[in-house]
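Place chain B on chain A using the hints.
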Amino acid sequence: MRSTLCAIAAVSLFCLVACGLRADEPQRDALDFFENEIRPLLISRCVSCHGPKKSESSLRLDQLPLMMRGGDSGPAIVPGHPDESLIIQAVRHQDGYEMPPNGKLEDREIASLAKWVQQGAVWPDGMKLAGDGPNLRGGDITDEERAFWSFQPISDPEPPHWDGSPPAQSPVDQFILKRLSEEGLSLRPPADKRTLLRRATFDLTGLPPTPEELQAFEQDDSPEAFSRVIDRLLASSAYGERWGRHWLDVVRYADTAGETADYPAPLAYKYRNWVIDSVNADIPYDQFLREQLAGDILADQLIAQLNGEPDEATLARYREMKIATGFIAISRRFGFDSENYHNLTIQDTIDTVGQSMLGLTLGCARCHDHKFDPVNAADYYAWYGIFDSTKYSFPGSEEKKRPYDLFPDLPAEMAASLKAKQDQQLAELDQRIKELEQPLSEAESALLASSERGFELEQLGQTPGKPWETWGTVTVTESAQSPFVNAYLPGSQGLTFPGNDANNAFGLRLETAHTAETSPQLHYNIDFRNVAVSKGATGSYRFYVGHGPGNSSAVEMGATATEFIIRNGSDYEVVRPLTVGQWYNVQLTLDLKTRTYSGTIGFPGDVTTFSGKDFSSGWDGTIDYTFVDKYGHLPGVAPARELDNVAVSTTPLLPVDQTVATLQFDAEMLANLIARREQLASLKAQQLTLQQSLPYEQIFGAAEAETPHDVPIQLRGELTKPGDVIPRRNLEILGHDPLPEGAGSGRLKLAEWITRPENPLTARVMANRIWQKHFGRGLVGTENDFGARGEHPSHPELLDWLASRFMESGWSLKTMHRLIMNSAAYQQGSETDPHAAELDPDARLLWRFNPRRLSAEEIRDSMLAVCGELDRSQSGPHPFPPVETWGFSQHGPFYAVYPTKHRSVYLMQQRLKKHPFLGLFDGADTNTSTARRDLTTVPTQALYLMNNDFVQDCSQAFADQVVKSASSEQERIQQAFQISLCREATPEEQSEAATFLTRYRALLPAESPAQQELAAWSALARTLLTRNEFLYVD
Amino acid sequence: MNTSTRNGNSMSAATPYGSRRTFLQQAAGGAGALALSAMLAEEAQTSQSEPGAENPLALKQPHFPAKAKRVIFLFMTGGVSHVDSFDPKPRLFADHGKTITVDNFQGKLGEFKMFLKSPNWEFRPGGESGTEVSDLFPHMRSVVDDLCVIRSLETDHTNHYESTLGMHCGSWTFARPSMGSWVSYGLGTFNQNLPSFMVIAPNAPYAGNQTWGSDFLPGAHQGTHIIPGNNPIPNIRPRVPSQDLQKLELELLKQANMRHLSEHPAEQALAARIRSFETAFGMQQAAPEAMSLADETEATLKLYGLQPGQNTGFGWQCLVARRLAERGVRFIELIDVGSSGNWDAHGDMQTHAPLAQNVDQAISGLITDLKQRGLLEDTLVVWTTEFGRTPYNNAADSKGREHHHQVFSSWMAGAGVKPGMVYGASDEHGIAVAENRVHVHDFHATILHLLGIDHERLTFRHAGRDFRLTDVHGQVVHDILS
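Order-wise, the sequence lines are chains A and B.
Start counting the first sequence at 0; every next residue gets the next number (numbering that gives the first Met the number 0).
Start counting the second sequence at 0; every next residue gets the next number (numbering that gives the first Met the number 0).
Just chain A, with the same shape it has in the complex (with noise of 0.2 Å):
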C-alpha cells in the first residue's frame, strides 16, 4: 500500500513539474476544457455520491488531491495514463466496474473524461466542487477528534459546594441542585411515601409493594427507613430479575438463533440465569465483562492454577465463567446457512461489545471508516481477527439442522474422563449385546422366521416388527389377548387398532406363494373383537386373503359395530351380528381349485357356519398375502378393534371350542428366545441413552479456535474484496494496544482494554446506564452513543464524579443503587412547575422526578403478581422441541409461545417473530441492542387490556381473592385498591365502586349468584388493572 501510495506521489509530482514546464497558453486551454467538459459531468453524474455529502466505497471526486488518494480500490486517476486510471475503466464498464450506477456515460462523455485525465488532469487550484458540506471523516485520526468529550481521562471532581435550599441529602444533589440553581430552577419538595415505596420497588425489582411493605415503611419513621427499603429490595432475587433484564436488553438477548428458520437455542437460558444471579450477587461490573467476553479464557487459567483435583466450588466458578460466553454465542445469525453469513455475526458482536460497553457504534466501520467518530475501517478488522480467532457455538440453521460447538461445563480433562468412562461403558453394553446376538439355531430361525409364533415375541406397548408389516397406529398389547386356543397355546398378547380416519392395518407374507397346483386347500384363522365405536363410526374394516398387499384377492371379509359380512364373487352377504368387546374366531377353508370358500365365525356355543362361497371374481390365482385394514365395503371410521391368533396353514385347523393338541413349536425355546429378546431391548436402551446424552451438560458459548489469525480489511464489507491485512490490536482511539504473542485469540486482552480503569468510556457508559435505569434517561440521553452524534451529558462532572465513585466501589451495582436512591434529587415529587417545564420540558436538569409507563415485564409481572398467580422462583430451560426432531426452515421456521407463569424476564424471546405481549407493549428488540424502550400508546394495547384472555384471567383470580378476603362490600372495595395501587379508596371512589358494581349486576345476564359476583367484581378488578394510575409510576 505505502509503495503505492509513493508511486503516485511521484507520478503526480512529475505532472506539476511538467506542466509547470509548459506554457500558459495550452494551461488555459486545460482549464477551459476542464470547466466546459470536466466539471458539469462530475457535478452531474459523480459528486453527489463521491462528495462531500457521501463517499460511497470511500472515494471522493469533488477534489484533485482526494481523487488521487482514491477509495477503497485505490486511486481514482493516474494523470497522463486513462487506460490505468480507475475511474476511465468504471465510466467505460471494464473489469467489474461499473460507473455511474444510474446509467453509462455518453461515448463523447468518456472519451472527454480520458482526454482530461490524458492531459493530465488539470485542475484550478484548491477548488473544491460541491462546496464544503457536512463534516464527514475518514482517515487518520485529527487532535481534534482525541480531544472529544468523552476521549478523555475520567476525572474526580469535588461535588461543587452547595449549601442553599433545599440542603444537599447526597453528594449527588450537590451537583444536581448546584446546576439547577444556575437555571433559577430548584428540586420538587419530596415525594409522599407511597409514592416513593411504589417508585422505588418498581424500579428495583420491577414489581409493585404489597400493602404490608407499604405499612412497614410508614411506621418506620427513623431517618434510615428508606435506606432499609433500599437494602430490602436489594437482597430480594426479584432485583436481578429487573436489572438483569436490562442488561438483556444492551446485549439484544433472544432464545433463538435469528437466521432465516430461527433455530431454537435452548441453552440460551443458562446465559439469562448468569446475568440474573451475577447482578443478584452484585458481582463487579469489569469481572462480569471480563468473564462475558474471555470466560472461557479465565475458566481455564483457573483450572491450570490448581494443583489438586478442583473442588466443588471452583468447578461452580468455572461453569459461571463458562456459561458467560453466551454472550458470545447469542449473537445474531444471518442467512439459509448461516456459517456463510459469519462476517455478519461477528459484526454482530463487534456492534453490541461497541454500543453496550463502549457506547459506540463501531459497527458502522465495517465497511468504511466510520464517518462520525473516530474508529477506522482497520480498527473494525483488528477487533474482527478477534472474534474470527473464536469458535461460537453453532446453534442450527436450515442447511444444517443440529447445533454444534456445545462445550462441556466441566474442566476438560474431567470431561474427558467422565466421557471415557462412558464410553468404557459403553464398549461393556457393546460387548453384552455381541454376546446376546449370537447366531440363531436353525430351530430358532426356523421358529422366528414362522409366523406361527404369533403376537408373542412382539414388544409390549410398540409396532410389531417383522414379518409383521403395519400402516398406521398398530401396538402389541396385553389386553389383546384372545381367549382361544384352538390354534396357538395361551400367550399374553395381541394387536390393538385405533378407530379413526386413519389406515391402521397390519398384514403378513406368506412364506409360499399358493397356488390351485401347490396348495389345493388353505385353512384361516383369525381372532377379533371390537372394543370401542366412536360417535358416527359406521365404516366397516377388512379382512384379506390373496395376492400380495391388495393386488388382488381371494376372500374378503368386512366388520362394522354390528355386523359382520363376506364377500360372495362380487357380493357382500351378512353372516351374524356382532357385539362390542366379545371375542370371535373366524375359520375359514379355501379351495384354490373350485374358488371357493366355506367357514365359521362365532365363540364356543355360538357359531354361525357358512358354505360354497365364491372368491372374489378377479383373483389372479395366487395366495401368498393376508392382512386387515380399514377398507372394509361400508366407508367412514370403523371401530377400534383387537386382533390375534391369525394362521395360515395348509394343514386343518381346530374348531374354536378345541385346544390345540400338540405344541406347535417349542415352548422352552420360545420362551428363552423371549428373555433373551427382552434383555437385548433393555440393553440396546441403555447404550441409546448413553449414546444420546453427554456424562456432563452442555454450555452454548465460545471457545478459542485452534489457529488465532489476523485477517484482511474487507472492502466495502464484503468478504470477498480483501485489502490489507490487519494485525489484531486494540482500537487506536483507546490505545492502539499490540496484542502480545501467545495472547491466543485476544479476547482476554480485549476484555481487559475494555475494563482497565483508563479507558475512558466503560465506567462512564456503565454509570450513565444506572441513572437512566433509575431517572427515565441518562445524563448522557443517548445511552449507547458516547460518540460525535451522541447527545453530550447534561452534568458532565455529575457524570465523571459518579464512574468514579462507580470504579471506586469495586464496580458495584449495589453501591451506585444505594447512593443515588439516598439524593434528594431520586426522592424528590413528580410534580410539574410550568415555569420549569418552560425551561427544561424534559426535566433533564431534574427539577421534578419524570413519571414512566411500566415496562411490557412490569406490567404483566404485576397483574400476576396482583392476583396472586406470580411463580417467583427461576425458570429454567424452555420447553423446545427435542433437538432430534428439528427440521425447521424457512418455509416453515420455528415458532412457538410458551405460557408460564413466571416473571416475564423467563418468557421465550425469538428474533423473527416477537413474543405477542412483548412485542404488543414495547419489548427490548431481541435483534440490536435496545438502550431505552420507546414506549407506544397504541390502542391495540388498549384491545389487549380489555379482551385478552390473560387480562381477563388476572381480573377474575384478582376479583376471587378479593371477593373472598372479605365479607362487606366496603372491605373488599378496600381491599381491591390496596393490593392494587397500594392506597385506600377514597370515598369518592368507594361509593363509585359500589354503584358500578350494583349497575353492573342488574346489567348481568341471569345467573347463580355467585358467578354474577365474580363476573362484576373481575368488571371491577379489571379497571383496577389497566388503569393508567397501575400502568404508570411518578
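Source of the hints: derived by calculation from the structure; they are not laboratory data.
All of these numbers come straight from a predicted model, not from anything done at the bench.
Treat the hints loosely; a few may be bogus.
To spell it out: a stretch of chain A is covered by chain B in this simulated footprint if at least three of its residues, at any positions, have a beta carbon under 8 Å from a beta carbon of chain B; those stretches are [unchecked claim]: (1) 335-348; (2) 890-896.
Chain A regions said to be covered by chain B (calculated; three or more residues, Cβ under 8 Å) [as the list claims (entries may be wrong)]: (3) 707-715; (4) 906-915; (5) 923-935.
If you anchor each label on the Cβ, the simulated ranges turn out as follows [claimed, not checked]: (6) B:Gln242 to A:Phe949: 18 to 26 Å; (7) A:Glu883 to B:Gly346: 54 to 62 Å; (8) B:Gly346 to A:Lys534: 56 to 64 Å; (9) A:Gln581 to B:Ala293: 53 to 61 Å; (10) A:Ala531 to B:Arg123: 57 to 65 Å; (11) A:Glu562 to B:Asn230: 38 to 46 Å; (12) B:Ala293 to A:Glu562: 47 to 55 Å; (13) B:Pro353 to A:Thr511: 42 to 50 Å; (14) B:Gly346 to A:Gln690: 34 to 42 Å; (15) A:Asn502 to B:Arg123: 24 to 32 Å.
The beta-carbon is built from N, C-alpha and C at its ideal position, and this holds for glycine as well.
Just chain B now, kept in the frame of chain A:
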C-alpha cells in the same frame, strides 16, 4: 401551551363510547358507499384536529403534493414466474430444450449449462394497449389497460427469505422497518379508529412478521395482521355479554383515569392512553364492520368471485382491502398464501395454475371496483412477488423453474401511474434486464414518490445514523409517472 385544558375538554366531550357506535351504526345501516367514504373522510378530519399531542398516527403533510393517498400492495409469495405471466418471450417458446450457458444459477456464479424451458401458458394481447399477458392471468389481462407493467425488476438475492425481506423492507439481510411502516410514519393515517397499516394474510410469508414489522420505528406503525376467517384481529371481540356492560366498565375506567390525569396534567401519554381505549372501543365495531361484506351487493361479490357469506380467500382479501381503503387505512397489504404451498414452483410450473386462479379474478375485480368508485384515482395498487423464476433449468425434462433474481415482472396501477404502459424489458429469453432496470430500491423510491414522499428525506435516526427505506440507493422511475 396548556395541554391539560385541551385534554380536559376533549375528554369530557359527551360520551365517546356512545358517539362512535351511533355513527358507525348509521354508516352501516343506510348510507351508500360514497356517502360513507365522505363521512369517513370527515371523521379523519376530526381525528386530525383531535388534541392529545404525540399521536404518532396523526395526519402529516407529504413532502410535495401526492397523487396517491393510499397503497394496496398485493404480494404473491414464493416467486411468480415472469416468463409465464407478464413477460412474453417468443424465443423461449421457440428455443425450448436448447442448451444455454449462463453465468449465474440461483445466485451461484460460474458457468452452467442449462436447458431453456418453454412457458406453460400462451400469451395474448389484452385491451387497447395490447399489452401481452399469458393465459395464466386472463382476468388481469382484461384490465391491462389500467396497469403499468414493469418487466425489468431486479432484486439482490435468490433466497426467499432475503428477497421477501428486501421487497418489504429494502434490506436483504437485516430486519428493517417495512414499507408500510415507513409510509405510516411519514404520513400518518386518516382514520384513527383503524390501524394505519393493515396486512391481510392467511399465513406469514418468508421472514415472518418482520415483513410488516416497524423495527426501530415507533410500534404504532407496525402492520396489524388480519387473518381471514372467523377471528381476523386478536382481542377484537368483547369478552363481556353485552356492550352496555363493557361501556359501564370503560366509563368507570375513564372516570378513574380522568381523575388521575387531573392530578398529572403534564403527562401527555396519559391522555393518549385514555384516547387509545376509546379508539379500541371504536375498533371493536369499526374493524369487524370494515371486514363484514354484509352490505355488499351481489354484483360486487360476483366481481371478486365471492360467494355470499364467504370470509376467506383472496377475493375476500381484495374486497376488504377496498373497504379499508374507503375507510382511510393508509397502507393495505394482501399476501396470497404463506411460506408454504406457494408460487415456489420447483417441481412443476403447473402448480402456478391454482394459485393464479385464487388471485386472478379477485385482482381484476379490485381494479374494476376501485375504478368505478373513483378510488383508483388516488389509490396506488402494486402487484409484485419476491423474484421471478429461471427461464431454464438444469435438466431437459425439468417441469419446474428455480429462483431467479436477475429480472422479474410486477405492475402498478392507479394514482399517478401511466395506465396501459409497459416499462423496461428483459433479454430475448427473459434471463437478464435488457433495458430500463428497476431495482427494488427504485421500485420503493417510486412508490414513496407517488405518495408525495422524497425517499431520501424520509429518515429515522437509529443507532447513531439516519436510516431510509431505500438505504443509500433508489431512483424514482419518472418515466412511468402520469
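Okay, the hints, checked on the actual structure:
1. Counting residues of the region 335-348 of chain A whose beta carbon lies closer than 8 Å to any beta carbon of chain B gives 3, which meets the minimum of three for the stated coverage.
2. With a threshold of 8 Å between beta carbons, the proposed coverage of the region 890-896 of chain A by chain B holds, since 4 of its residues qualify and at least three are required.
3. Judged by the Cβ-Cβ criterion of 8 Å, the region 707-715 of chain A is not covered by chain B as claimed, because only 0 of its residues qualify and three are needed.
4. Counting residues of the region 906-915 of chain A whose CB lies closer than 8 Å to any CB of chain B gives 4, so the stated coverage by that chain holds, three being the minimum.
5. Chain B is given as covering the region 923-935 of chain A, and this holds because 7 residues of the stretch bring a CB closer than 8 Å to a CB of that chain, at least three being needed.
6. Separated by about 22 Å at the C-beta atoms, B:Gln242 and A:Phe949 satisfy the suggested range of 18 to 26 Å.
7. Distance hint check: the CB atoms of A:Glu883 and B:Gly346 are about 28 Å apart, inconsistent with the given range 54 to 62 Å.
8. For B:Gly346 paired with A:Lys534, a C-beta distance near 40 Å fails the hint of 56 to 64 Å.
9. One distance hint, 53 to 61 Å for the beta-carbon pair A:Gln581 and B:Ala293, holds here, with the actual separation near 55 Å.
10. A C-beta distance of roughly 60 Å is found between A:Ala531 and B:Arg123, which places it inside the suggested range of 57 to 65 Å.
11. One distance hint, 38 to 46 Å for the beta-carbon pair A:Glu562 and B:Asn230, holds here, with the actual separation near 43 Å.
12. A hinted range of 47 to 55 Å holds for the C-beta pair B:Ala293 and A:Glu562, which are about 49 Å apart.
13. Between B:Pro353 and A:Thr511 the CB atoms are about 49 Å apart, so this pair conforms to the stated range of 42 to 50 Å.
14. Remark: the range hint 34 to 42 Å for B:Gly346 to A:Gln690 is upheld by a beta-carbon distance near 37 Å.
15. One distance hint, 24 to 32 Å for the beta-carbon pair A:Asn502 and B:Arg123, is violated here, with the actual separation near 46 Å.
The structure fails hints 3, 7, 8 and 15 (numbered hints given earlier, in ascending order).
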